[in-house]
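Colleague: Okay, here's what each chain looks like letter by letter:
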Amino acid sequence: MKRFGYSFLPLFLLGVLVSGCDTRTPVAVHFNPDGNGPLTSIKASTILVQVEDLRPAAERDSVYQIVADVGGTQTFYTKKPVPLIVQDALVSELSKCGHRAVTDPGAPVDARVKIGLERFRAFLSTTTLHYTMEGQIDAEISVTNDAKKTTAGPFRISGNYQRKSSSHQVYPPEKELSAALAEFVHNLAFDSRFAEALQ
Amino acid sequence: MTRIHTKLSLASAKSKGEFSSIPSAGIRLALVLLCVTVFAGCDTSTGTKTAMQAGAVSKIGKLEVQVSVDGDFSLTLAGAKPRGFKDVPLSYVSVELWPKSKYRVTLVSPESVVTGLALDSQRAAEDAQRAQTFCTTVAGIPIQSIAEKALVDGLQASRRFELVTAVSGPEGASPSGAGTLRVRIENWGLYADSRENATADLVQVGLNATAVLAGADGKRLWEHKDYFTSGMHRPISEYGSSPDLLKSEMEETARRYCARVANEIRYAK
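For the record, the sequence lines run as chains C and A. Sequential numbering from 1 applies to the first sequence in this note's numbering. Sequential numbering from 1 applies to the second sequence in this note's numbering.
Treat the hints loosely; a few may be bogus.
[What the hints assert, rightly or not] In silico lysine-lysine, BS3-like type, Cα no more than 25 Å apart, as pairs:
#  : chain 1 : residue 1 : chain 2 : residue 2
1  : C       : K114      : C       : K149
2  : C       : K149      : C       : K175
3  : A       : K269      : A       : K62
4  : C       : K96       : C       : K43
5  : A       : K225      : A       : K247
6  : A       : K149      : A       : K247
7  : A       : K62       : A       : K225
8  : C       : K96       : C       : K164
9  : C       : K164      : A       : K149
10 : A       : K269      : A       : K219
11 : C       : K114      : C       : K80
12 : A       : K269      : C       : K43
13 : C       : K175      : A       : K269
14 : A       : K149      : C       : K96
15 : C       : K175      : A       : K225
In case anyone wonders, no lab produced these hints; they're calculated from the structure.
Given the sequences, and given the hints that come with them, work out the whole structure.
Modeller: Written as structure tokens, this is what we have:
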């Protein structure tokens with residue numbers, strides 16, 4: 001019996017290594033509008049916000065992924081579609097700045113904001129001394145002002161947040177992605193090209 | 001990629017009397033203890049900016065603006081290629097001090113560091129060589145004076161300060177008792193298009209800069225690092241054949257960056 005046990009253990013471990021262990025973990029990304037900046041100084045208007053998902057196909061399935069050498073993969077995803085997360089964040093920011101933000105393309109509007117979302121992802125990088133968890137959001141923005149019949153952009157806006165750590169526990173990148181989203185919306189709201197195009 | 005990710009629970013092993021079966025366990029434990037001592041609590045968060053101390057900013061009456069530019073036009077094409085796990089062979093051995101502990105130690109193989117440095121060096125040399133050909137055509141872009149004027153005008157228009165002036169001089173507290181905004185443009189020029197579907201020769205105008213706002217006592221009130229780009233992607237040959245296009249886009253990008261910095265200070269709360 002003891003002999004059988006010793007021979008079974010390596011086979012069992014080999015089976016675990018070969019088959020791996022794939023898990024999917026939900027990530028909640030939060031956003032609190034600031035309601036400050038140049039957008040508060042321009043005339044209140046009705047603004048259409050649309051997000052086009054231009055992320056590579058490989059990045060649409062997960063916002064963060066860890067592939068272990070033993071064969072397992074831990075994938076992190078958002079329950080709410082990523083384009084909707086970005087759209088809702090900008091809508092809430094515009095609303096707090098005194099504008100009427102809409103998402104229905106058929107509605108009469110003063111300006112149309114199109115966000116071409118190119119990246120919404122967390123990364124893990126390493127150096128000799130520490131690990132860095134990073135949230136990165138990249139998008140190309142174009143604004144069409146229906147009243148003035150002008151189009152501004154595309155111009156690039158990014159949001160980035162890094163957290164360095166000497167430990168490397170695997171955890172959902174909620175803090176990193178939420179902070180990167182806040183940075184992204186802030187950078188967009190404070191960009192003079194954006195405010196001028198909406199005026 | 002060669003990565004060995006082995007977690008050994010020393011405490012667990014010890015409790016089961018298996019310590020002797022782990023090779024060099026004593027040495028590993030000593031390393032772990034050393035690193036825990038050195039790095040305990042070394043868990044930092046760094047964003048691209050620090051929060052503005054708006055209360056202190058509102059106490060600044062006079063503001064002096066200083067812009068410095070570290071270097072000439074730069075080109076970042078090959079150097080922008082990501083150096084990820086595919087390029088660098090990493091070898092890890094991670095040892096867990098005790099089960100569910102947050103303190104762990106990671107050892108990275110020396111060859112990964114050497115390989116990475118060699119790749120960086122090779123790519124930087126490629127870019128420097130290509131940039132040389134552009135330097136003659138863009139030598140006339142007065143990036144420093146454009147940025148300085150845009151900042152002074154933008155901040156003066158904000159009416160947040162009584163007086164905004166451009167100055168030059170060493171870093172530190174202003175001898176005139178004014179607050180200081182120092183913008184350092186680390187590099188500026190053409191950068192590779194980082195989009196996934198970008199072709200090899202698509203570039204855009206941009207700059208990397210750091211803005212630091214300090215009070216009259218020299219204390220830092222706000223710091224903002226930024227990679228700011230025009231967003232217009234063009235083939236590099238288009239800029240090569242039209243120096244005026246490069247000049248106008250570079251000037252506009254510098255002005256837009258400064259308007260952005262002025263907005264950050266203007267709306268600080």
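Colleague: Would you mind confirming whether the straight-line C-alpha gap from K96(C) to K164(C) stays at or under 25 Å?
Modeller: Judged against 25 Å, a Cα distance of about 32 Å means the pair is violated.
Colleague: Would the pair K149(A) and K247(A) pass a check requiring their Cα atoms to be no farther apart than 25 Å?
Modeller: Holds, at roughly 17 Å.
Colleague: Hinted pair, alpha-carbon criterion (25 Å max): K149(C), K175(C). Please report holds or violated.
Modeller: It is violated: about 40 Å lies between the C-alpha atoms, which goes past 25 Å.
Colleague: Can the restraint linking K269(A) and K219(A) be considered satisfied, given a maximum Cα separation of 25 Å?
Modeller: With Cα atoms ~18 Å apart, K269(A) and K219(A) stay inside 25 Å; holds.
Colleague: With a cut-off of 25 Å on the C-alpha distance, tell me whether K225(A) and K247(A) pass.
Modeller: Holds. K225(A) to K247(A) sits at ~23 Å (cutoff 25 Å).
Colleague: Can you confirm whether the C-alpha distance between K175(C) and K269(A) stays at or below 25 Å?
Modeller: Holds: K175(C) and K269(A) sit about 23 Å apart, inside 25 Å.
Colleague: Take a quick look at whether K149(A) and K96(C) sit within 25 Å of each other, Cα to Cα.
Modeller: Given pair K149(A), K96(C) is violated - Cα atoms ~32 Å apart, limit 25 Å.
Colleague: Compare the distance between the alpha carbons of K164(C) and K149(A) with 25 Å, and conclude whether the hinted pair is satisfied.
Modeller: violated, 37 Å
Colleague: Can you confirm whether the C-alpha distance between K114(C) and K80(C) stays at or below 25 Å?
Modeller: holds, 20 Å
Colleague: Please verify whether K114(C) and K149(C) have alpha carbons no more than 25 Å apart.
Modeller: holds, 15 Å
Colleague: Is it true that the CA of K269(A) sits at most 25 Å from the CA of K43(C)?
Modeller: holds, 21 Å
Colleague: Taking 25 Å as the top limit, are the C-alpha atoms of K269(A) and K62(A) close enough?
Modeller: Given that 25 Å is the threshold and the Cα spacing comes to 18 Å, the pair holds.
Hints 2, 8, 9, 14, counting from the list given before, are not met by this structure.
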